[in-house]
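A.B. asks: Spelled out from the first residue to the last, the chains are:
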Amino acid sequence: MIRATTRSVYDWFEARLGLEKTLGPSLTHAVPQSAKWWYVFGSMTMLLFMVQVMTGICLSMVYVPSADEAYASLEYLTYDQQMGWFLRSLHVWGSHLMIAMMSIHMLQVFLFGAYKFPRELTWIVGVLLFVCTLGMGFTGQVLRWDQDAYWGMGVGMAMAGRVPVIGPEIVHLVLGGPIIGGESLSRFFALHVFIIPGTLIALLGVHLLLVVKCGINERPTPGVLVDKATYRETYDREVHRRGMPFFPNAAGRDMIACGLTLTVLFVCAMMFGPAGPNGRPDPMLIDTAPRPDFWFQSIFAVLALLPPYMETFLILGFPLLAGAVLILLPFLSGDGEKHWKRRPMAVLFVSVLLVSLGSLTWLAYQSPWSPVMDAWSALPTPAQYVKGRSPLALQGAIVVQNKQCRNCHALDGQGGRRGPALDGVASRLNSDQIIRQVIQGGGNMPAYGQHLTPAETTAVTAFLMTLHDQWEHEPATGRRTPRD
Amino acid sequence: MIRRLFMVLCGSGVVALAACDWMPGRPERPTVDAHAPTMAFEPLWNTHCAGCHGANGRDGAARPLNDPLYLSLADDHWLHMITTHGVDGTLMPAMGTAAGGPLTPAQITVLIEGMHDHWGGAALQTAPPLLGELGAADAGATVFASHCAACHGDDGTGGHGAGSVVDTSFLALTSDQALRIAVICGRIDLGMPPFDGRRGLPPLTDQQVSDVVAWLAAHRVAHPGAPYPAVTSQGAQP
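Protein chains in written order, with the numbering used here: chain X, 1 to 484; chain W, 1001 to 1238.
FYI, nobody ran anything at the bench for these hints, they're computed from the structure. Here a beta-carbon is modelled for each residue, glycine too, at the ideal position from N, C-alpha and C. Hints may be right or wrong, so weigh each one.
[To be verified] Here are the computed distance ranges between Cβ atoms for each label pair:
| hint | chain 1 | residue 1 | chain 2 | residue 2 | range |
| --- | --- | --- | --- | --- | --- |
| 1 | X | D68 | W | L1005 | 45 to 55 angstroms |
| 2 | W | A1099 | X | S359 | 36 to 46 angstroms |
| 3 | W | F1006 | X | L260 | 44 to 54 angstroms |
| 4 | W | L1005 | X | T221 | 44 to 54 angstroms |
The shape of chain X in the complex, shown without the other chains (with noise of 0.2 angstroms):
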């Protein structure tokens, strides 16, 4: 009874909307019998977008996007809403994994050689899928309105008003005005909760929309090569004599994976809860060690590490190179080798981008932070290096204070490490070297010439040559302590 019911209701929509029709076959095609656990990850990416989608709607429920309330809205999230935490646990993990699982994703596809014809537009979408989660994970890290964002906010407007003519107009449409204000939260919420948002949607339709037309990769075989001309019809004899309908038995694979992943999900959420938020806030507290998301400390790293002369290309130039390398990729090398045995430029530029980006991020997470900003009102000068000094040097020693030197340089190890140490360095230069550097400056070193006053330079001079291995050894000889 209840089942003929449901039945006739089932028909009735059926007959007017046509669903099984259309997604049937896309539901029960074939797939190769190869696509085995490899070809998981992308519905498990899929999976998360769609927990950060569920978890982002109740979030907006309770946030409040305008300067004054965010971080009060975010407060009560966490600490008085009932599970508040969780959710909010949920939606960072959840865009964390996301972020890692379409990386692996993408590496996947990439070593396996399925952006190679005719999926060429399958990856160009996914590229493009790709840019906008780092967009959401970038905009989402701003919602939390807190130091941290604040922080990551600056970075992103710093690069984006490199850009050459247009790129002071591009922070003012961004920000709402010049510098981060009121208005800027209202345009990161707009962008994190419709705009990219609604691209990503989209675009993840036009993806699903290939990956069943152009049909899911074959498990690539070292030495089978992809010709043009005859790759396809290969491909659907092969599926059909030997593939196997995608629902249930490859969807039951990646059922299994998002069960894992939901699984991994939750234990994060549950064992390591939310991040932030990490106070309000404050364009005046500098003194605050900001801690970005993880897939951004690499970022970190390369800003802090880079020479000065190099930024503006790195910075600008890197996304703009590597998003077109991607883009261009399955033009560059559209047909031949899929394997990655027989990809060895493949798997090489796999190898050292992940030792790059590894290494960035652990440096990021090791390093003293260069340059170290409050070192130079916060580190003292070293007790040994101001006793026995005139007071012309004492003066020196405030000129390497009071003009940040100690914010890249470190004097006892202590201060940032952007530049050499300074102890003993009167043993390495002389007078005329040590004032040739601090005047033009040179090496990744701004130069001081025109912040310098000529008696600071003089002064800083002196301090700087009283760094000497032999100062240490032999204090001045013969000196009188004045209460002897």
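Please build the complex by placing chain W on the supplied structure of chain X, with the hints as guidance.
C.D. replies: Relative to the frame of chain X, chain W by itself:
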């Protein structure tokens, strides 16, 4: 049967999850807002002043503020003003928000109270006032010869145990006020005695202090330091 059991288990699992709002990841509301502006003396000092004035207010490159004599002479209003606005033309930066620095007026008050609490001592009745006009340079020369030359050399260019105090670059970076404080309070962390401590000599009077500061200040020149000075070992002392 098994299926039903499974459903019951799942259901109760979900209920338990929702009911139990405790999990390792659950954040605790910070008892004190870790990011509210610090209102404690030590962190404020260690972040904003220690770099130049020394870790415990001594042994820094700039004058010690951990100096009971100085603290008894300087009134709070003066300290507040200096900390907020810095000293123009010197390397003492403006630290107050009013002048673009990081510290709110309330924080500066905390700093000043903290300095008194931690480092202050009994006031000296006899000390010359901290602020004063420049005196007569000629008379100052005599004071210098008697009270200072022993350490700073006869002409002030450095001698036994202390460096030059007439170096034009040094003078360019130091205010008259700072010179006066140096003469009155000395540099107890580096071995320069205060006004009443020079061996066997009577304490300096207000007039003598003004005079010797005038003598020092008279060594200032219009264009101190050269872009490429011939620095030899001036930094090191004889």
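A.B. asks: Which of the stated hints cannot be reconciled with the structure, identified by number in ascending sequence?
C.D. replies: The structure breaks only hint 3.
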